[in-house]
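Colleague: Letter by letter, the chains look like this.
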Amino acid sequence: MFELLGVSSHALMAQLVLGLVNGSFYAVLSLGLALIFGMLHIINFAHGAFYMLGGFATWLLMQWLGVNYWLALILAPLMVGAIGIALERTFISRLYSLNHLFGLLFTFGLALFIEGVMHEVFGGISKPYSVPAALQGALNLGFMFLPTYRGWVIVFSVVVCLITWFVVEKTKLGAYLRAATENPALVQQFGINVPLLITLTYGAGVGLAALSGVLAAPLYQVNPHMGVNLMITVFAVVVIGGMGSLGGAIITGFMLGIIEGLTKVFYPPASNLVIFVVMALVLVARPNGLFGK
Amino acid sequence: MNSYKNQKAIWAGIFLVALALPAFIYPVVLMNVLVFMLFACAFNLMLGFGGLLSFGHAAFFGSAAYVTGHAAKEWGLTFELAVACGVLVALALGWIFALIAVRSKGIYFAMITLALSQMIYYIALQAPFTGGEDGIQSIPRPPVFGVIDVSSNLALFYTILVIFVIAMLALVRISQSAFGQSLKAIRDNEDRAISLGYDVVKYKQMAFVISAGFSGIAGSLKVFVFSIATLTDVSWLLSGEVVLMALLGGLGIIWAPALGALIVVAMQYLLAPYGAWVTILQGLIFMSCVLLFREGILGMIRDLLNRRRAKPSTSPN
Amino acid sequence: MSKVVLDVSRLNAGYGEIDVLRDISLNVKEHEVVTLLGRNGAGKTTTLKAVAGLLDRCQGDIRFFDEPIDRLPSYRIGRKGLGYCPEERGIFSSLTVRENLTLPPRVSDLAWSLDAIYQLFPKLKVRGNSMGTKLSGGEQQMLAIARLLYSGARVLLLDEPTEGLAPVIIKQIGQTLLELKAKGLTVVLVEQNFNFALKVSDRFYVLDQGEVVASFDRQYALENKDKINQMLGV
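Residue numbers (our numbering), protein chains in the order written: chain A, 1 to 293; chain B, 1 to 317; chain C, 1 to 234.
Incorrect hints may appear among the rest.
Computed cross-link-like contacts, DSS-like style, restricted to lysine-lysine with a CA-CA straight-line distance of at most 25 Å [said to hold, decoys possible]:
1. C:K125 - C:K199
2. C:K3 - C:K225
3. C:K134 - C:K29
4. B:K184 - B:K105
5. B:K184 - B:K202
6. C:K183 - C:K225
7. A:K172 - C:K3
8. C:K125 - C:K183
9. C:K29 - A:K170
10. C:K3 - C:K134
11. C:K3 - C:K80
12. A:K172 - C:K181
13. C:K123 - A:K170
14. A:K170 - C:K225
15. C:K171 - C:K181
16. A:K172 - C:K171
17. B:K105 - B:K202
18. C:K125 - C:K171
19. C:K171 - C:K123
20. C:K123 - C:K80
21. C:K225 - A:K172
No lab work stands behind these hints, which were simulated from the structure alone.
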């Protein structure tokens, strides 16, 4: 319909959609990371592994139990979240009194371990997962055709982000969480079981990662290494946004997805790099990120 | 002073043993170990002494590898000039990384270095001279200074051994110098160091650049051992491996990570036919080290020695 | 003879590897205001923290309404009605005033209603939606106390509530404490401001280097002000 710098509006719109799709994953994953970091002060390097486990849980539920996508949206995060909770109770809670870098190192080792095991058990080849029937095809929006599943991913991710943000910022449970982030000892003295709160927060963060994995299964197919490179980009997103606020994580995620998409249209060779370049630039001006404290 | 003479004697003994090792172990394997020992110790200058956890050291190792490989293969430079090119690039990269990352602390710093290194990875993936997924292959072994022939593995081994010893001595010297002590002071209590007038940012930058340079030496040497430079050399996996080596070996002394490097490389050889098991085992070792052996092998040896002495008040620390 | 609600016997406690408190024994009766006096570093704050369950090292007998609490984790102690307000007041910056106020779970039927609290502290209602740390120091102190009332704490441990506050505000806090005492609460104060403590307290303990070196009642305190000031190194 129109042309901008030699690029047709169709191509532009298509890339914007892809950018928003990527941004959805960046947003939900960095949201989970920020949630975990706020409470536990640990960078969950294994976040990508849990995302991958979410994808695998989806595929396995279909393969072994014939459970469909819609149920997987609920079951996979619960299953993987349970694994996360078990890990927190047994190992991760021992790290809280140590230097925060040890948390990073431990979860890094955990990520290697989980990925290695999945690779051994399932092999390195991607498992196909088909788009659920209700979400197949494309919607005619007038100015473009929007693949239904992609639209779904974007809308669902936005909703998940908004719900999470709402629970943390506007509810009593969220007040407990925010207070415990600031002064866990005092909150505990008031009578609130802070260790339980911490465990549940880790489970919730991991569950969010797994939820992203479910969304990813029909898009990117399921394989043991699907989380790795994505996570490093998500780290960059998190550094840019700063870990101070959940809202910041969400906005930064979507924004960077769009920037990446636009770069792919106008200057493809840089599309892999643009987020890292943005990170470098932001850091020079604001070492704590855009929304960091 | 008795223990000082003992120490020198021990090191001399180890060196003599090293000279004789090619009789028992393939020189390529030995060189592999030496390269990673150097890499791990270079890394330790930042972590053990500076308290800075970098998850992106593969950027220095790998970029030096690519540049040295290219210099030797395409430009026909001699051995030492090719290595110099690689090291220069590593130094420059270290300086740039430092500019961007050094004002950030702890966890942020680790993530930033990881991200910057990933950026280098993507550049290496796409840049024309790196050969993308195939890497640079069939890298020749030009003579050192144009005259010393290192085409045989044995000759190359002794050359690398000499370079290794010189580099390690330099690292030890740096770690024991005023600079090294200042780094430790900053690591232990940065605010206090600032109040004492230290230009903390400058010190961290210097540590970064020096560490990058020595990592670059390791990367450049590696390229002559195996004749290839690939994406693996700039991957986050390699960055993680060098962290593992340092953690496993111990951070207290500049050369302790060499022990970790020995174990990790040995493990890779032993498990080579078993694919993903290397990763699984590395993950397990990481986790056990963090939970149980935070001081690494060095720490375990120290504990053993302390228990033997049985007089806690006089044990050195 | 009113009953003893807090009984501390031979308390040894501290941080890390070191014991700061040595054989501390004291008690607090219902509806009393008891103040711990002493110089900086005497161990007053440590004593409060030990009672509240916030210390790793804690040995001794602590009884709250005749129940032993020295082995309990802090959240169990809080739930029994022992409310603690740290020196920094502990107002959460990422919560609104109202969220701060209503944060603690209500642990007894003595829990004040919001209306009752707003009657005593009208400013808190007005500033309900401001973020907690936007309040002035005095207002934050009021909020910290109000928060404990909301939870239904039966005994309040207040660490230096007047620190850093203007005389006018200090007077207000004093009045508030007297009102709370009239309403049936028991308060343990840590104070460096002896004059303030004199206005509100029934009994005193003086701590020095982790030990109780003196204990007396209000009568004695009024008659021996100079001697006590000397003891406190003023």
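Colleague: Each hint needs a verdict: does it hold in this structure or not?
Modeller: Cross-check of the supplied hints:
Restraint check: the Cα-Cα separation between K125 (chain C) and K199 (chain C) comes to about 28 Å, which exceeds 25 Å; the hinted pair is violated. Proposed proximity of K3 (chain C) and K225 (chain C) is contradicted: the alpha carbons are some 28 Å apart, above 25 Å. Among the hinted pairs, K134 (chain C) with K29 (chain C) is inconsistent with the structure: their alpha-carbon atoms are about 36 Å apart, more than 25 Å. For a cut-off of 25 Å, the pair hint linking K184 (chain B) to K105 (chain B) stands: about 16 Å separates their Cα positions.
As the CA atoms of K184 (chain B) and K202 (chain B) are separated by approximately 14 Å, the hinted pair is consistent with the 25 Å bound. Proposed proximity of K183 (chain C) and K225 (chain C) is contradicted: the alpha carbons are some 29 Å apart, above 25 Å. Pair hint K172 (chain A) plus K3 (chain C) does not hold up; C-alpha atoms about 37 Å apart against a cutoff of 25 Å. Restraint check for K125 (chain C) and K183 (chain C): satisfied, since their Cα atoms lie roughly 21 Å apart, inside the 25 Å limit.
Distance restraint check for K29 (chain C) and K170 (chain A): the Cα-Cα separation of roughly 41 Å exceeds the 25 Å cut-off, and the hinted pair is therefore not satisfied. As the CA atoms of K3 (chain C) and K134 (chain C) are separated by approximately 40 Å, the hinted pair breaks the 25 Å bound. Under the criterion of a C-alpha separation no larger than 25 Å, the hint pairing K3 (chain C) with K80 (chain C) is consistent with the structure, at around 17 Å. Proposed proximity of K172 (chain A) and K181 (chain C) is contradicted: the alpha carbons are some 30 Å apart, above 25 Å.
For the proposed pair K123 (chain C) and K170 (chain A), the alpha carbon gap of about 22 Å is at most 25 Å, so the pair holds. Note on K170 (chain A) and K225 (chain C): the hinted pairing is violated, with a Cα-Cα distance of about 51 Å set against a maximum of 25 Å. The hinted pair formed by K171 (chain C) and K181 (chain C) meets the criterion: a straight-line CA distance of about 15 Å does not exceed 25 Å. A threshold of 25 Å between alpha carbons decides the hint, and for K172 (chain A) with K171 (chain C) the separation of about 34 Å lies outside it, so the pair is violated.
Proposed proximity of K105 (chain B) and K202 (chain B) is supported: the alpha carbons are some 15 Å apart, at most 25 Å. Annotation: proposed proximity of K125 (chain C) to K171 (chain C) holds, straight-line Cα distance about 21 Å (limit 25 Å). The hinted pair formed by K171 (chain C) and K123 (chain C) meets the criterion: a straight-line CA distance of about 16 Å does not exceed 25 Å. For the proposed pair K123 (chain C) and K80 (chain C), the alpha carbon gap of about 29 Å is over 25 Å, so the pair is violated.
For the given pair, K225 (chain C) sits about 48 Å from K172 (chain A) by alpha-carbon distance, which is inconsistent with the 25 Å threshold.
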